[in-house]
Each structure stands twice: as C-alpha cells, then as structure tokens.
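**Student:** My request is simple: use the sequences and hints to build the entire structure.
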Amino acid sequence: MHETLIAEGILEIVRDERAKKIRIIIGELQGIDKEILEEYLRKNTDCKFEIVEEKTLLKCNRCGFEWHPKKTGKEIEDIHFLPEVVCIFEKCPNCGSRDIKIEKGRGIWLEILEKK
Amino acid sequence: MVRDPREKIIRRKYKKTKNILVVSPKGGVGKTLISCALSYYLKSGLLDCDLYSPSCHKVFGLKKFEIKEEKGVIPLKVRGISFFSPVLFSKDRAFPLRYAKDCLLEILSLPNWDKDIIVFDTPPGLGEVILELLRLIEKKIIILVIKKDILSLNSAKKFLEIEKVDYVIENFGESKIIKELCEKNGIKYLGGIPFYENLDINNFFETQFLKDFENIFQRFKEYNNTLFNNI
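Going down the list, the protein sequences come from chains S and H.
Numbering-wise (this note's numbering), the first sequence opens with residue 4 and increments by one.
Numbering-wise (this note's numbering), the second sequence opens with residue 1005 and increments by one.
Keep in mind that the hints were calculated from the coordinates and are not lab data.
Treat the hints with care, as some may be off.
Covered, in the sense of this in silico footprint (three residues per stretch, anywhere, with C-beta under 8 angstroms from a C-beta of chain H), are these stretches of chain S [as the list claims (entries may be wrong)]:
(1) 12-18
(2) 43-55
(3) 97-107
(4) 110-117
All C-beta atoms in this analysis are idealised placements derived from N, C-alpha and C, irrespective of residue type, glycine included.
**Tutor:** Now the structure itself:
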C-alpha cells in the first residue's frame, strides 16, 4: 500500500530525530487513508502522534479564483499518487484555465513536537 | 520543525541502486533516445524525469498505463526494462506543471524497483528538476549528451560549471571539438552516434541508431566493471 510507504518514511524520521510526539499533516487532495496510516504507525512505534487533515484549496494562476475540487485522491486514483494531475480533472470554474496551483491540501508533512 | 517523509524514502531507495543520470541543458540533443537505448542494453530501471514533456513511453510504444500498487507502485515491464513515468498517472494527457518539486518527489518515491541500476532521463535546462535530482541522488554517474553545435556546446559548458560529469555521448557525429572539451575537463568520451535522417521512433528497436549505440554501451561497460558484475 502507498500508505505503508509513507508510514515508513515517517518512522525513519521518528527514529532519526528521536521523536516522542509528532503531528502529521495530511493534505486532503492526496486521499491518504488515515486509518491504514494510523494502524501501521501504532504497530511500529511508541511515539505519540496526531493526524490533522488540511483541506484542499485550488487556485487559478490566470485569474486568481480559488475553489475546492469536486473529487480528490479518494475518488481518483491518479490524483492519489500524483496530486499535480488534478489539472487534468479540474479547470478554473471562473475562466476555464488548467493552469492551477494547489494552494492547500497537498502532500504529507511531519512536525516534531517533542523529542526524547 | 517540519519534515517531508518522501525525502527519507528517496534517499534510502536510491542509496541501494546504481544511478545513471542522462543530462543536457539543451533540448533536442537526443537525451530521451539515449536514455532509452542505455536502459535497453542495461536491462535496467528507467525513470522518465522529464516532467514537462515525458516521452520515453513513446519510444517503447507504451499506450496502456496500469497502476499496480505494492509498497508504492510497480513499474511497467517492457522489453526487459522496468519503466516509470508521470504518464502512469497523467495517462499521456496534457499536464500543465508549474511546481515541479512535489511532482518529482512523488515520481522518485513511488516506484517499487526490481532493478539494481536505474537510468534517469532528465529535462533540459538547469531548473528545479535537475537541481533536485543532483541533490537527492547522492551516488550517481552523470552522462552529458552533446551535439556539435554552438547552442548545445554553450549549454554543456554551463552544466560543467555547476556539476562534475563522468561521461559524454555525442549525438549527430563525432567531432574534435567535443573530444577536446572532454579532455580539457577530464571527462571520458564514450563516442558519437551518427545522424540518421527520418529516424523511425515507432520502430526504434529495429533502427540503426540502436545497433550503433551498442558500441557506446560496450565502451561504457569497459569503464564500469563493478556496475556490471551481475550482468
């Protein structure tokens, strides 16, 4: 599973940084399965973690219009693996451009809140 | 302190593989064909990092891009190579891309490689993609592709100002000026590929280009004994 791969990257950071508590920010657009991620992490570390989802916001680079997409990586597998392809499925509701910026909701980030 | 777990995945993944970057700041010199030919002879992995205009799939005649998930995504198998590209997800549709770094990090972290050697086809220019590849892929062999024209030579010299190059492959002939450039910079010259009018990309694997490339490949093998212990 893709989530397992991500979890392994998180675990490596936890080990290297001797993290005791972390916050994981998941971008909504990628459609990561939070439960699979949580289960894998719980089985493989005693580091405390919280998972926070960042809502998606797309912005048109041409006219500046901002909107929330109809579908994310939960519904469209290609977006799940490569969120940048959202421009294939979405165009600006205002001007029709496909020159889109993922303003929010992309990727996975780790904040280290406490170390050992 | 914010961390991106993908960088950990990438560094770990490409520490285990032998990595060959095929580069040129100038477009249209033949990087894609040379990357495809090299990976074909090596029977290696091939990663199309030309995010703005991925084309390797065309050379291999790939039209179906099925995604199989297993600890990432399984690369496509074609002609003995394992192939990965953004087209697996764009399905060869128009894919406008301004912010390349995130896309590159996914393309690097997703493939579940079953090969020890990975060839990277790279985009032209000295922009974000090539700079991130140079940063993230610590151990690598760099092959610079050059044509004997003032534009390509000018660009090539600029690349040499920012990064050391291991080999040069010359496309569209063999020239004294490029051999001298290599000698001056301590770079091994692998050879030149002649110019072919009307090169048939649709039948690339039957072309004289590919047959002639074998000489270059053999020279590359001679210089890289340890790379080829298992081949």
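**Student:** The structure should be examined with respect to each hint, and the outcome stated for every one.
**Tutor:** These are the hints, each one checked on the structure:
Coverage of the stretch 12-18 of chain S by chain H holds [criterion: at least 3 residues with CB-CB distance below 8 angstroms; count 4]. Against chain H, the stretch 43-55 of chain S contributes 0 residues with a C-beta closer than 8 angstroms to a partner C-beta. That does not satisfy the three-residue criterion, and the hint is violated. Residues of the stretch 97-107 of chain S lying with their CB closer than 8 angstroms to a CB of chain H number 5, which satisfies the three-residue condition for coverage. With 6 residues having a Cβ less than 8 angstroms from any Cβ of chain H, the stretch 110-117 of chain S passes the three-residue criterion, so the hint holds.
In the structure shown, a violation is registered for the earlier hint numbered 2 alone.
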